[in-house]
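Undergrad: Spelled out from the first residue to the last, the chains are:
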Amino acid sequence: MKTMRLKTKKSNSHNKKSIWKRMRKYKVLYLFLLPAIVFFFIFGYIPMYGVTLAFKEFRFDTGILMSPWVGLKYVEKFFSYFQFRLLIRNSFLISFLKLLFGFPAPIILAIMLNEVRAKKFKRVFQTVSYLPYFVSWVVVATIFTKFLSPHQGLFNELRMAMDKEPIFFLGIVKYFYIVIVTSDIWKNVGFNSIIYLAALSSISPMLYEAASIDGAGKWKKIIHITLPSILPTVGILFILSMSGLLRAGYEQIILFQQPPTIPVSEVLETYSVKVGLQQGQYSYATVVGLFQSIVSLILIVTTNKIAKKVSDTSLW
Amino acid sequence: MMKKSIKRLLCTAMVLMLTMSIFAGCQRTKEPTSKDSNNAGQSNNTGKKEADAEPIVIKMFSCWNGSSGNAPRDHFDNVVANKLLEETGVIFDIEYATSSESENLNMMFSSGDIPYDVVTAPYWGGNGGETGIIKRAASQGMVMALEDLLDKHGPNIKRFEEGAATDFLENDVYAPEYNGHTYVIPYQLPATPADNKNWGYCVYVRKDIMDALGWKQEDFNHSEKIYEFLKEVKAGDFKDANGNPVIPAGNWHNGWAYDQLYRSYITGNMCSLWVDPDTNKAIVDRRSPLVMEEVLYMRKLVSEGLFDPEAFRQNDTIAKEKHALGKYAVHGVHYFHQRDFYEQTLYKDHPEMRYVPVGPIKNAKGQIGASSLKGRAGSPAWFISADTDSDIAEAAIKAINYLNSEEGRLLAFYGIEGEHFDMVDGKPRMKKEYVDMNKEGILKSETGIQGIYRELISLYPYMSEWGEFTPGEADVPDETYEHIINNIVPETIIDGYRASNFINDYDKKDDINELLNGELWRDYRERAFFAATEEDAIKIIEEYQQYLIKGGIEDYEAFINEKAAERDDHVIF
Numbered sequence: 001m002k003t004m005r006l007k008t009k010k011s012n013s014h015n016k017k018s019i020w021k022r023m024r025k026y027k028v029l030y031l032f033l034l035p036a037i038v039f040f041f042i043f044g045y046i047p048m049y050g051v052t053l054a055f056k057e058f059r060f061d062t063g064i065l066m067s068p069w070v071g072l073k074y075v076e077k078f079f080s081y082f083q084f085r086l087l088i089r090n091s092f093l094i095s096f097l098k099l100l101f102g103f104p105a106p107i108i109l110a111i112m113l114n115e116v117r118a119k120k121f122k123r124v125f126q127t128v129s130y131l132p133y134f135v136s137w138v139v140v141a142t143i144f145t146k147f148l149s150p151h152q153g154l155f156n157e158l159r160m161a162m163d164k165e166p167i168f169f170l171g172i173v174k175y176f177y178i179v180i181v182t183s184d185i186w187k188n189v190g191f192n193s194i195i196y197l198a199a200l201s202s203i204s205p206m207l208y209e210a211a212s213i214d215g216a217g218k219w220k221k222i223i224h225i226t227l228p229s230i231l232p233t234v235g236i237l238f239i240l241s242m243s244g245l246l247r248a249g250y251e252q253i254i255l256f257q258q259p260p261t262i263p264v265s266e267v268l269e270t271y272s273v274k275v276g277l278q279q280g281q282y283s284y285a286t287v288v289g290l291f292q293s294i295v296s297l298i299l300i301v302t303t304n305k306i307a308k309k310v311s312d313t314s315l316w
Numbered sequence: 317m318m319k320k321s322i323k324r325l326l327c328t329a330m331v332l333m334l335t336m337s338i339f340a341g342c343q344r345t346k347e348p349t350s351k352d353s354n355n356a357g358q359s360n361n362t363g364k365k366e367a368d369a370e371p372i373v374i375k376m377f378s379c380w381n382g383s384s385g386n387a388p389r390d391h392f393d394n395v396v397a398n399k400l401l402e403e404t405g406v407i408f409d410i411e412y413a414t415s416s417e418s419e420n421l422n423m424m425f426s427s428g429d430i431p432y433d434v435v436t437a438p439y440w441g442g443n444g445g446e447t448g449i450i451k452r453a454a455s456q457g458m459v460m461a462l463e464d465l466l467d468k469h470g471p472n473i474k475r476f477e478e479g480a481a482t483d484f485l486e487n488d489v490y491a492p493e494y495n496g497h498t499y500v501i502p503y504q505l506p507a508t509p510a511d512n513k514n515w516g517y518c519v520y521v522r523k524d525i526m527d528a529l530g531w532k533q534e535d536f537n538h539s540e541k542i543y544e545f546l547k548e549v550k551a552g553d554f555k556d557a558n559g560n561p562v563i564p565a566g567n568w569h570n571g572w573a574y575d576q577l578y579r580s581y582i583t584g585n586m587c588s589l590w591v592d593p594d595t596n597k598a599i600v601d602r603r604s605p606l607v608m609e610e611v612l613y614m615r616k617l618v619s620e621g622l623f624d625p626e627a628f629r630q631n632d633t634i635a636k637e638k639h640a641l642g643k644y645a646v647h648g649v650h651y652f653h654q655r656d657f658y659e660q661t662l663y664k665d666h667p668e669m670r671y672v673p674v675g676p677i678k679n680a681k682g683q684i685g686a687s688s689l690k691g692r693a694g695s696p697a698w699f700i701s702a703d704t705d706s707d708i709a710e711a712a713i714k715a716i717n718y719l720n721s722e723e724g725r726l727l728a729f730y731g732i733e734g735e736h737f738d739m740v741d742g743k744p745r746m747k748k749e750y751v752d753m754n755k756e757g758i759l760k761s762e763t764g765i766q767g768i769y770r771e772l773i774s775l776y777p778y779m780s781e782w783g784e785f786t787p788g789e790a791d792v793p794d795e796t797y798e799h800i801i802n803n804i805v806p807e808t809i810i811d812g813y814r815a816s817n818f819i820n821d822y823d824k825k826d827d828i829n830e831l832l833n834g835e836l837w838r839d840y841r842e843r844a845f846f847a848a849t850e851e852d853a854i855k856i857i858e859e860y861q862q863y864l865i866k867g868g869i870e871d872y873e874a875f876i877n878e879k880a881a882e883r884d885d886h887v888i889f
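Same order as they appear, the protein sequences are chains C and Y.
Take 1 as the starting number for the first sequence in this note's numbering and just add one per residue.
Take 317 as the starting number for the second sequence in this note's numbering and just add one per residue.
Note that these hints are calculated values from the structure, not bench results.
Yeah, the Cβ is synthetic: ideal placement off N, Cα and C, and Gly gets one too.
Worth double-checking, as some hints may not be accurate.
Claimed, not checked - Simulated pairs of lysine-lysine, DSS-like, Cα-Cα distance not exceeding 27 Å:
1. C:Lys146 <-> Y:Lys550
2. Y:Lys824 <-> C:Lys73
3. Y:Lys636 <-> C:Lys146
4. Y:Lys597 <-> Y:Lys755
5. Y:Lys523 <-> Y:Lys636
As the list claims (entries may be wrong) - One side only, chain Y facing chain C, incomplete, derived with CB under 7 Å:
6. Glu419
7. Asp839
8. Glu842
Looking at chain C on its own, in the form it has when it is part of the complex (with noise of 0.2 Å):
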């Protein structure tokens, strides 16, 4: 026993040393990281005392730092807000049907592309998919909100020369959801499914080609062949994506916000965002931030510690 915690001793010494000298071998690639190391620093490890923030009384003359300590004030005042239940269901709820939703047409969209032959149809649908993703929510908004108008807007045309009464689609709250959800679609399909076609172009077309050989149809090699081979990588995603299962994204939601769909819309980062820009409580908006995070960061370390035991794929 005594000779084995030895060796093991021994080993990690030497493994330790071997690390450094791999690293003094190849230090001009290791300085490559110098960059990437510095930047994390600087803009993701400094900031972090930030969050103190949500236990002081923010001053304008002190900063964050000078600011005396209040305790759990804010958090107490958080936890006891009269809507804080509504701000965490509909924050779930939202973030629920974008990824129930939005998770799987990146995906779907992908594999379509990659069925299609003829290439230059292909390059320009491609495009025309990413497009989106660079334009602004507030065009987006404007764009949806204009289609969907009581007043001539295109649906409402639609339903009119139909003979039916025009409806205030971003007022009703199922149409609501509806709207959040393929909004979001429309805007991040095409840019989202750039990491599936990247998956989906390293699998070896002799696979497909032995599959033709045994007489499988274009249906069977994608259940079979092309969806398991990029399955790592929606794992991946997927558990990523669980961290952002309370962030609903405020700007889309603040810009969609009509009287009527309030109560439904009203999220985490909305108020976060009422509260600290608008009303200037930084402190208690770091609260609302905070607490976001910490469920994040729970919700992340589960799923990838799930995602372990029933598969291959997990992040760490």
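The hints should help you fit chain Y onto chain C, whose structure is shown.
TA: Same frame as chain C, now just chain Y:
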């Protein structure tokens, strides 16, 4: 070996470049405003010409969403800027807010390093909104105390007290938390009670539709009459400028100002309080029986398709698109905004679609018109950031003091005598060419006159010295405006102490301010407008009222009534 060395060198250079690029933009550059102090000392307040001295650039921020509409095309070369430079050696380099004023102020102060010397912003009094932010920042050392500079270089500026209401001065300009310092200077104040500008807030109706339906302006004497009219509009086949159906009623951006439609259900009180006629005790008006009537009225309009459901949250662009087409038969707003907008859009091709003010509509007390406090009770204000260089601050005060002189005010409002206006019987009369430019909306951008520089002037002597609110108006009276201010919304000047100021003595002041958050109330109220039934609408309002009660509003109301009983002077509710 050589090849390897070059490769290494290249790699190292690339890493260094990448690393350095992270820091790009982090470099702190000296602001152009920080001029050499020697130059600043040369400016004066006595009219001595400063043309030869190097100009002192004062960085100014107009914290008004959309105020860029008042901007000159060139801040460094326009009529007002050139004269100001000549007289004081100062030039204002101005930036304009394009988003919420509160957000801008919060971000500016919390950054800890205000990039501007002079800031103009809303300052309506009380402890909420922009006023609350500025008060907090001033009492936390972010704003410069101006009393010494004003004593030395700002005699004209100090006259702002003449135009401010007593309780505004006591509670906001010289707020208790300022400990005797002067941090904010209000502007846009009436020089005398005669200069008090009546904005002409009322309901406007498209005249061709009104005539077609056989209605007269004076027929609209109650909110229910508006409702009847809107039903007739809906039943009629009226079109906008594009030939599409009109919407019976709507408003401008973000719902501004549909409250004119339900005027019959508002108290006319000045402090958001309702006084029970039986007990003579005040409660917050959000708990009054009138609020239910107001909500049910608006719900009726929305549910019957008489009010544009998009109007409550529509943005400025979408709202203007609708107004430019004459899409609404009825809307509420102030006179000047709608007049200027339509003159430049709808009326050009469709003068027949002119909007006319209707009323008077009596309020819940049966009164027409509105009450105004003697002196302005809540006003925009300017301040200087605490970290502004003392010489820059001194130069700014001297320049602003010049703008507040008789000559400076005429410069900002009328331009240069002989060139842009002439004095006729002791009153400035702008030349026709410039009056026309003003009507077209290009005077401010081309010359700076009637533009942004007015944000630094405290007292506006419209009627007392100039005999008109708008250049050219004295020669060609605006009959519509005269009709509004005389018959539809005449203003009564009253004097006294507003009950809302008692909150400053309440020990749970911050809690109450938070409880009465206007945005939350707006959300609840507008949700109720869309409720499926009247019962549902009432439930929504009751839920909000319960929230107020749980938050301690009743104790606050009791405190207000106690304080009101203690005061000897006239308490205004």
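Undergrad: Check the structure against each numbered hint from earlier and tell me which ones fail, lowest number first.
TA: 4
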